[in-house]
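*Asks:* Order-wise, the sequence lines are chains A and B. Position one of the first sequence corresponds to residue 1 (this note's numbering), numbered consecutively onward. Position one of the second sequence corresponds to residue 116 (this note's numbering), numbered consecutively onward.
For the record, the hints were derived by calculation from the structure and aren't laboratory data. One or more hints might be untrue.
Beta-carbon label-pair distances, calculated as ranges [to be verified]:
| hint | chain 1 | residue 1 | chain 2 | residue 2 | range |
| --- | --- | --- | --- | --- | --- |
| 1 | B | P155 | A | K13 | 20 to 30 Å |
| 2 | B | L133 | A | F69 | 28 to 38 Å |
| 3 | B | E186 | A | T20 | 36 to 46 Å |
| 4 | B | E130 | A | G62 | 32 to 42 Å |
| 5 | B | E130 | A | G16 | 40 to 50 Å |
| 6 | A | T14 | B | G177 | 19 to 29 Å |
| 7 | B | R222 | A | T20 | 28 to 38 Å |
| 8 | B | S195 | A | T7 | 30 to 40 Å |
Treat the numbers as computed from the prediction; the structure is a model and nothing was measured. Yeah, the Cβ is synthetic: ideal placement off N, Cα and C, and Gly gets one too.
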Amino acid sequence: KAGVTQTPRYLIKTRGQQVTLSCSPISGHRSVSWYQQTPGQGLQFLFEYFSETQRNKGNFPGRFSGRQFSNSRSEMNVSTLELGDSALYLCASSPSALSGNTEAFFGQGTRLTVV
Amino acid sequence: AQSVTQLGSHVSVSEGALVLLRCNYSSSVPPYLFWYVQYPNQGLQLLLKYTSAATLVKGINGFEAEFKKSETSFHLTKPSAHMSDAAEYFCAVKAGGFKTIFGAGTRLFVKA
């Protein structure tokens, strides 16, 4: 069974640009969550989608948005990039958001560098 | 609200020594608790999880953790460290609204 796939793995963007990151969850998983990881802030929760609906949202500005498609694939978008957006963005999928004891399965992440 | 505190951002042990990584949680409802490991430039991988079935949980690579409700702790241990254990370890809690909250992480160094 293929794992969580994130594309691209590495990305360099200029301040002010926008970027779209993609995540394909494990087959059959309907929940996709996104996290931002930086050395100073650790893992920060961005948002979670389940069956194309956003279920939870972290404390990030509106420049960060996401969506989930009917096949459970998810994208996140960051507009008007700032230097501080440089981070490793991790996507995680779970079989179901309704069962609390299911763990998250992580992709390898997309390393975004804003210059 | 739920939260996780990992004591010690860096822990250094000698190869063969005991590994102890500390995690304390806060949750208003019975929590599910997890330990994940992250190797450089990789995503997180599940080591073990507590789901209320047993307070002592065994995971992969010889790691185990004990849930202590009275101490609100879920410390991770391994009897004998190996060089390959060097990585960053994250404790996480999940409760109520199904959002997983991660601790700040503890980087484990293993000295030869």
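*Asks:* Does each hint fit the structure? Answer for all of them.
*Replies:* Hints and how they fare:
1. B/P155 to A/K13: 20 to 30 Å: At roughly 23 Å between Cβ atoms, A/K13 and B/P155 fall inside 20 to 30 Å, so the hint holds.
2. B/L133 to A/F69: 28 to 38 Å: violated (47 Å)
3. B/E186 to A/T20: 36 to 46 Å: With Cβ atoms ~44 Å apart, the hint holds.
4. B/E130 to A/G62: 32 to 42 Å: At 49 Å between Cβs, range violated.
5. B/E130 to A/G16: 40 to 50 Å: holds (48 Å)
6. A/T14 to B/G177: 19 to 29 Å: At roughly 46 Å between Cβ atoms, B/G177 and A/T14 fall outside 19 to 29 Å, so the hint is violated.
7. B/R222 to A/T20: 28 to 38 Å: Holds, since B/R222 and A/T20 (Cβ atoms, about 31 Å apart) stay within the stated range.
8. B/S195 to A/T7: 30 to 40 Å: holds (39 Å)
Violated hints, listed in ascending order, are 2, 4 and 6; each of the other numbered hints is respected by the structure.
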